[in-house]
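Going by the numbering used here, the sequence shown wraps up at 104, each residue one higher than the last.
Treat the hints as calculated values from the structure; they're not laboratory data.
Check before you lean on any hint, since a few could be wrong.
Stated by the list, open to error - Restricting the straight-line Cα-Cα distance to at most 20 Å, the calculated cross-link-like pairs of lysine to any residue (SDA-like) are:
hint : residue 1 : residue 2
1    : Lys45     : Lys30
2    : Lys30     : Tyr10
3    : Lys65     : Ile76
4    : Lys61     : Gly43
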Amino acid sequence: MKSIKSNTAYPNLPQRLFWDFDFDKLDWDKSYRTVIERVIERGTKTELTEMTRYYGKNLIKSALKDEINYLPEYAIDLVEQNFGLKRTQLKCYKKTQSRHQHWL
């Protein structure tokens, strides 16, 4: 796991993003990949800013490039706009491109 340095004990993110977790017991440091995925897929611009403040751009970029296996197309577009990464740099995009699609 990457080192996470923050000024607060946890990011100020809404429970609605983590409906399938016990929000009060969520380990924000160990679950950084899940948090990054959820905020990028379902969060608002304000929540994206809060996530970036808590984890930092370097950790988020590293997770996107090397660890996160899936993001929908609209989320990949959001990553390109907000984090200065190209889709070809993302693990989820490389993985999608390497899958053989049926010709029908």
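Results for each hint:
1. Lys45 with Lys30: violated (23 Å)
2. Lys30 with Tyr10: Cα-Cα ~12 Å, so holds.
3. Lys65 with Ile76: holds (11 Å)
4. Lys61 with Gly43: holds (17 Å)
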